[in-house]
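J.: Chain by chain, the residues:
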Amino acid sequence: MVNIENLHKKFNKNVVLNGIDLNISEGGIFAILGPNGSGKTTLIKSILGMVIPNKGTINVLGENIKNNSGYRHKIDYLPQIANFPNNLKVKELIKMIKDLRGHTNEDQRLIELFTLQPFLDKKLGNLSGGTKQKVNLVLTFMFDSPLIILDEPTTGLDPISLIRLKDLIQTEKTKGKTILITSHIMSFVEEVSDEIVFLLEGQIYFRGSITALKNKTDQPDFEHAIASILT
Amino acid sequence: MLKILKYSFFDLMRSRWSYVYFAFYLLLGIVLLFLNNDLSKAIITLMNVIIMLVPLIGTIFGVMYYYNSKEFTELLLAQPLKRSSIFLGQYLGVAISLSMSLILGLGIPFIVYGLFKSNAIWDFSLLLITGTFLTLIFTALAFNIALTNENKIKGFGYAILLWLFLAIIYDGLFLMSLILFEDYPLDKLSLIGTMLNPIDLSRTLILLKLDISALLGYTGAVFKKFFGTNFGLIISFIMLTVWVVLPVLRIIFKSKKKDF
Amino acid sequence: MKNVLLFFTAVLMAYSTYAQNIEVCSTCAISTLKKGISVAKDYDTILVKKGTYKEHNILVDKPLTIIGESYPVIDGELKGEVITIIADNVTVDGLFIINVGTSYTEDYAAIRVRKSKNFIIQNVVLEKLFFGIYLEKSRDGKVFHNKIIGDAVEEYNSGNGIQLWYSKNIVIEHNFVQHVRDGIYLEFSDDCLIKNNVSAENLRYGLHFMFSNDDIYEDNTFEKNGAGVAVMFSKKIKMLNNTFKENWGTASYGMLLKEINDAEIIGNTFEENTIGINIEGSNRIVYKNNNFINNGWAIKVRGACYTNSFIENNFLYNSFDISYNSKVNDNVFNKNYWTNYTGYDLDKDGIGDVPYRPVKLFSYIVNRTPETIILLRSLFIDIIDFSEKVSPIFTPNNLLDNNPLTKRITW
Numbered sequence: 001m002v003n004i005e006n007l008h009k010k011f012n013k014n015v016v017l018n019g020i021d022l023n024i025s026e027g028g029i030f031a032i033l034g035p036n037g038s039g040k041t042t043l044i045k046s047i048l049g050m051v052i053p054n055k056g057t058i059n060v061l062g063e064n065i066k067n068n069s070g071y072r073h074k075i076d077y078l079p080q081i082a083n084f085p086n087n088l089k090v091k092e093l094i095k096m097i098k099d100l101r102g103h104t105n106e107d108q109r110l111i112e113l114f115t116l117q118p119f120l121d122k123k124l125g126n127l128s129g130g131t132k133q134k135v136n137l138v139l140t141f142m143f144d145s146p147l148i149i150l151d152e153p154t155t156g157l158d159p160i161s162l163i164r165l166k167d168l169i170q171t172e173k174t175k176g177k178t179i180l181i182t183s184h185i186m187s188f189v190e191e192v193s194d195e196i197v198f199l200l201e202g203q204i205y206f207r208g209s210i211t212a213l214k215n216k217t218d219q220p221d222f223e224h225a226i227a228s229i230l231t
Numbered sequence: 001m002l003k004i005l006k007y008s009f010f011d012l013m014r015s016r017w018s019y020v021y022f023a024f025y026l027l028l029g030i031v032l033l034f035l036n037n038d039l040s041k042a043i044i045t046l047m048n049v050i051i052m053l054v055p056l057i058g059t060i061f062g063v064m065y066y067y068n069s070k071e072f073t074e075l076l077l078a079q080p081l082k083r084s085s086i087f088l089g090q091y092l093g094v095a096i097s098l099s100m101s102l103i104l105g106l107g108i109p110f111i112v113y114g115l116f117k118s119n120a121i122w123d124f125s126l127l128l129i130t131g132t133f134l135t136l137i138f139t140a141l142a143f144n145i146a147l148t149n150e151n152k153i154k155g156f157g158y159a160i161l162l163w164l165f166l167a168i169i170y171d172g173l174f175l176m177s178l179i180l181f182e183d184y185p186l187d188k189l190s191l192i193g194t195m196l197n198p199i200d201l202s203r204t205l206i207l208l209k210l211d212i213s214a215l216l217g218y219t220g221a222v223f224k225k226f227f228g229t230n231f232g233l234i235i236s237f238i239m240l241t242v243w244v245v246l247p248v249l250r251i252i253f254k255s256k257k258k259d260f
Numbered sequence: 001m002k003n004v005l006l007f008f009t010a011v012l013m014a015y016s017t018y019a020q021n022i023e024v025c026s027t028c029a030i031s032t033l034k035k036g037i038s039v040a041k042d043y044d045t046i047l048v049k050k051g052t053y054k055e056h057n058i059l060v061d062k063p064l065t066i067i068g069e070s071y072p073v074i075d076g077e078l079k080g081e082v083i084t085i086i087a088d089n090v091t092v093d094g095l096f097i098i099n100v101g102t103s104y105t106e107d108y109a110a111i112r113v114r115k116s117k118n119f120i121i122q123n124v125v126l127e128k129l130f131f132g133i134y135l136e137k138s139r140d141g142k143v144f145h146n147k148i149i150g151d152a153v154e155e156y157n158s159g160n161g162i163q164l165w166y167s168k169n170i171v172i173e174h175n176f177v178q179h180v181r182d183g184i185y186l187e188f189s190d191d192c193l194i195k196n197n198v199s200a201e202n203l204r205y206g207l208h209f210m211f212s213n214d215d216i217y218e219d220n221t222f223e224k225n226g227a228g229v230a231v232m233f234s235k236k237i238k239m240l241n242n243t244f245k246e247n248w249g250t251a252s253y254g255m256l257l258k259e260i261n262d263a264e265i266i267g268n269t270f271e272e273n274t275i276g277i278n279i280e281g282s283n284r285i286v287y288k289n290n291n292f293i294n295n296g297w298a299i300k301v302r303g304a305c306y307t308n309s310f311i312e313n314n315f316l317y318n319s320f321d322i323s324y325n326s327k328v329n330d331n332v333f334n335k336n337y338w339t340n341y342t343g344y345d346l347d348k349d350g351i352g353d354v355p356y357r358p359v360k361l362f363s364y365i366v367n368r369t370p371e372t373i374i375l376l377r378s379l380f381i382d383i384i385d386f387s388e389k390v391s392p393i394f395t396p397n398n399l400l401d402n403n404p405l406t407k408r409i410t411w
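Chains as they are written, first to last, in the UniProt record's numbering: chain Y, 1 to 231; chain L, 1 to 260; chain V, 1 to 411.
Next up, chain Y with everything else stripped away, as it sits in the complex:
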């Protein structure tokens, strides 16, 4: 599904990714974890082609992504901070994204799922952070792509929406899709992910299941396991 070889990236003199090799097979939920500044977002953005690597190759679904934009048809991406053009109304934004990516009817169901109907005619600039995040989720999940990348999907969500999100992720998983998630909420990660990739100082420090991590660090629970890596 995603194949990364010897990926290097530095911003000015600050090395962020330092030789990453990662092979993510099809199907399942992968959590990319790591302390602040470990390169999680950079890695994701590299996969999306938003960050241009200094070295290394990335293949998504067998296509090299360099100077390529078509492969993004196969990716649904949820950006970290949902900050949309303030002058647009919610439904205009949805319409626009559909216009750019192609037709779908999935949006109606998602709007209902997150009870966004009352906000459709409101301008994005007037929405709360949580509501924006819901709109963000709608935009991400309304397309049926084999690869889904979620950057901090839980930000600002109320408990009900969080449950809905988890359900949504599970249904997508059952369809056989590959889902990449970054999150700081360890309980969330523990609950949804099948496998974790732990980044530290620009390299993959650990890759495997949560149980394997617990065994490796000899810690009873996930949070402590993570903490032990960092100390």
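Hint data in this document are derived by calculation from the structure and do not stem from the laboratory.
All clues stand as given, with none of them false.
With a straight-line cut-off of 25 Å between C-alpha atoms, the simulated BS3-like cross-links for lysine-lysine are: (1) L:Lys82 with Y:Lys95; (2) L:Lys256 with Y:Lys66; (3) L:Lys82 with Y:Lys74; (4) Y:Lys55 with L:Lys254; (5) L:Lys70 with Y:Lys89; (6) V:Lys224 with L:Lys224; (7) L:Lys254 with Y:Lys10; (8) Y:Lys91 with L:Lys6; (9) L:Lys258 with Y:Lys55; (10) L:Lys258 with L:Lys70; (11) L:Lys258 with Y:Lys13; (12) L:Lys258 with Y:Lys74; (13) L:Lys225 with V:Lys224; (14) L:Lys82 with Y:Lys10; (15) Y:Lys10 with L:Lys258; (16) L:Lys256 with Y:Lys13.
Given the coordinates of chain Y, work out where chains L and V should sit on it, guided by the hints.
T.: Below, chains L and V alone, put in the same frame as chain Y:
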């Protein structure tokens, strides 16, 4: 690209600033024409305004739009769209909406005033064409500045510096060097100096219309060829086009290399 | 009453008894103009019928009236002068004269009047000429409604349309002169009236005065000439209601004044000239009610000009209003309308509350380094002009219009 252009354009068309800009020109046109009642004078005043204000608004607006729509850009970047289309679309969206404000804002009062019956229509059209060129050029320069500077404050600083330099400082240096080297033949130098600054270039274009009598007073053969024939007009337009194309190419080039 | 009657009888008598009509045509007994003149008696009328007459050196040595019917062509075949008038009271009317000889030693003319009085030259058309109508030491004549179309290319081998040399009291009216060296040229000729002529596209000047005094020229149009009108070394010339248009070029003026004293320049329009009026060594001249429109320089003062006054003129959209090359000013500017004036009129009396300073620093700079003209209307230039306006250093301090008008003057 056209889709992005459309969305950027409508996004801007809805923003307050487009209206303010449009209203400003509308008001300017009305005041100049109906309170002053002197078409020739109105066109001279407009020329001064366009040459100074259009570049300023173009740079400031371009930089502002770029920084304000950063998140939107990131959203677009994750979509299956080419980078060049995203940025060119946005650039054209800004440039076209600014040009529209200019053309409509000034055009409406002039048409109401009965411009079509007057022979000032060519001067006026030239003015609007020049204004549009300046908008295209300076918005492109603004996008260049914004693309190379992540820091908003820095970006705005450079934008204003760029304007100050091209609008005023450049001419000061230009004048000084002409006076300094007055013992040498200067006509080529002075024409080249003009070509290298889009504001001077546009000014020359308008001079060709308004001050041709004075310009023909100068003896240099190159000058004479430049101002006495259509040569000057053609060269100026070619150079203005070059001034649009180069920064736009750099937008494409830079945007391909940039990390978001 | 008695006198009038007597006069009429005399005229009648003259017509019925003495004056005869002589017809000239190619098939007549008299087939050339020369022959016609030789058989004519004083005060006869020679009627030249339509046709082509290849003649030159036609000498009119007695008072005659020569009238062309339907513009007969007198073809000089480039052999020399065509008609030379040496008698008083000659009238030439309605001829079409072509192919005047060109020479570097002699000024051949289509029609020359030498040392004669009371002549009339009218309705004549001249083409392919060297000199057109040449008046030499003659007086009290009239040059009326002629059309002179030259094909001059170089100044050194072309002549003038209408030339006056040591002539007095001549009226030049309703002529149309183009493509010659000087349209109308006056040298040592006083008390002439030049009215309603159009002089255009001439190589050098539309109208040229040298050492001529007390002349008036009015209601003429001078367009696209090499250098407009030149008035030099002359006194008491009145220049009224003329139009000077589109005289473009490096040494091109609407009007050039050099060593002119006590002239009046009133009611003229100077439009789209490189320089409206170029003034050198001219004193006590009144400029009033003139329009200066769209000129490069409305007025360029090149020094040694004293006690001139510029009153109630309109200066409209000129690139530069006034240019001086010195810091001294002895001329008066008052109550003009300047479109470049940016002051205000709070008491609404039609006079601006702050004086206008028509000489810009930039015009001084352009005088020094002409290439800087390319910076015209630049914001930087506006800024330095403004600072000069606040505290003049390079331009005459006292050169001010203290009463600039806020509305265009009509008269």
